[in-house]
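Residue numbers (this note's numbering), protein chains in the order written: chain A, 4 to 476; chain B, 358 to 526.
If you're looking for bench data, these hints aren't it; they were derived computationally from the structure. Don't take every hint at face value.
Claimed, not checked - Cross-link-like lysine to aspartate or glutamate pairs, in silico, EDC-like; alpha carbons within 16 angstroms at most:
1) K151(A) <-> D139(A)
2) K518(B) <-> E91(A)
3) K430(A) <-> E347(A)
4) K140(A) <-> E485(B)
5) K518(B) <-> D356(A)
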Amino acid sequence: MNAIIALSLFGITNLFLGFLNNRKILLPATLLFVLIAFGLNLADWNHEYYWFHNMLKTNNLSINFTSIILVATALVVAISRGFGNDEEHTHPAEYYGILLFSVVGAIMMVTFQSLFMLFVGIEILSVAMYVLTGSDKRNLRSNEAALKYFLMGSFATGIMLFGIALVYGATGSFDINGIGNMVNQAKLQDIMLNPYGPILYGGIILIFVGLLFKISAAPFHFWTPDVYDGAPSIFTAFMSTVVKTAGVAATYRLLSISFPAVYGLWGNPLVYITCLTLFIGNITAVYQQSFKRMLAYSSISHAGYLLITVLAKTPTTNSSILFYSLAYSIATISAFAVLMVVSEAQSKSGKPDESFTALNGLATNNPFLAFVLTVSMLSLAGIPLTAGFFGKFFIFADAFSNVSSLFKTIAVVAILMSTVGIYYYFKPIIAAYLKKGDLEKIELSPIYKLTLIITTALTILLGIAPDLVKNIF
Amino acid sequence: MQFWYFLTALTLISALMVVLSKNPIHSVLYLVFTFFCISGHYVLLNAQFLMAVNIIVYAGAIMVLFLFVIMMLDLRRNSPDSKTNLTKLAGAVVGGTVLVIFIAATRKINLGTGADNAFYNSQTGMVENLGQILYRNYLLPFELVSILFFVAMVGAVMLGKREAGERNF
């Protein structure tokens, strides 16, 4: 909660820092703000608080999610390089300010206790993302992506709002515990006993259409490749880590607190959605020629893996989601960091080249970047000795520990799909090490290099000793 | 009750006309009419303040904005239909299914005999009570919505600002 207030104020501060006409100060300032918010967030550790008439609730789970979001934000800010020196066309003060505001929305999504807060949080996050997606105004693809994201996103939000209204109509409460109690005691499952049951069902389904859209689960994924591809890479990195973590956390919070009693209703559709997401995400990623687009499809597939453990409802689900989100976030950020510098070095007529061929021969002159890329790809593919392996391992273990045989099927599908994943995650590695290319040595700023070292080291460390953070979660 | 049915029928018809009319200006005018009908519902629910706000904000400000945009874009030119028949069919099937599901869901609801006079508080929807709830129980969302508007404002200024050099849109 304190992090929300602090970040709101810091966002405004950031906008005013833009008046200083000193672009160098913005990156360290933003990084400092995020770190302060991180500290404020940790201050509530081991306490359970309700804030402002049960609007928000913070406990260790929400603090963990907030920490992951803030770590991802800090890493994204660190690789943003102050948005270059183009005084005319980039506005770093606004970008950083909006970024901080969007984190406010993300934190609201992981700590909400009232559906109001969920809605306002999702809206803050989404509106900020619409703007940042279109921030590269001279790029037609960025404009297209922003408009597409905005139109589809507003429809999804509208659908979710309708769902919230229906759930309120059926249960008379916006509080997620209150809704949970009503759903439990009123035996809404039985239509004969309670005529409001069907309305509740409709409401739940519509809320989940909205939430699944935000985490880009199939069949609500159609916006993802275009938007992730069109948006500036730095904001794509932000979208595929922070937005996804917040969305999954919100979905999990709502499902596990409000609607466990009607598992029969949402369980089955979500099983199909999960399998479809895994299938579409992985199979379509194979056919991509662009590295960035491949990462977009891979983010769809990772939403599928996260949904498995949301569905499985085992006691270890909390820690599995947290570990997977962390592993996925740091690996994705280092992948995007490499993509950003390489695509700019390879730019053709002013446009960054984001295809796999841009990575050709990366290892010859840039062994460090090639190594970072390899580790992140291995982690995303789930190869042992990387964090991604244990992320997937915990999730599959959750699926197998569920008594229902359905989960064994899902786990088998997921394992098959992650073998498909190995194919396309190795494409950039092969391009970097085995193909010939004429890429010059790329100079990295110290903070950029430090960030890459941190993400890579963390990925390997968590792959060797996952208990380091698993015990905290 | 009779008036409620009349108002609801009017709302539904005008809402349908928003979608069905070919001319966008007509759509907007029907939408204004829909908002007035919905405001009528607010009065029936004893929420006069919401009625006033709904008319001022939606029928007044937002709809005028819509009209301006439509006039600026000049949408009356007949643009070729970009949707294939398959897309239209799929859309109709999906939308129709949702409609049927929601009709089925609401069909069983017993509306009851209306409010119980013994517990009925005529002041529920009045400004004072609304303010008490808004600024006490819902203070946090109320304040944080300002962040949302702030982001939208900053974004609009950032995206709308005229850049030096050639214009791209």
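To see whether the hints hold, each was checked on the structure:
no., hint, verdict
1, K151(A) <-> D139(A), "holds, 15 angstroms"
2, K518(B) <-> E91(A), "holds, 11 angstroms"
3, K430(A) <-> E347(A), "violated, 20 angstroms"
4, K140(A) <-> E485(B), "violated, 46 angstroms"
5, K518(B) <-> D356(A), "violated, 28 angstroms"
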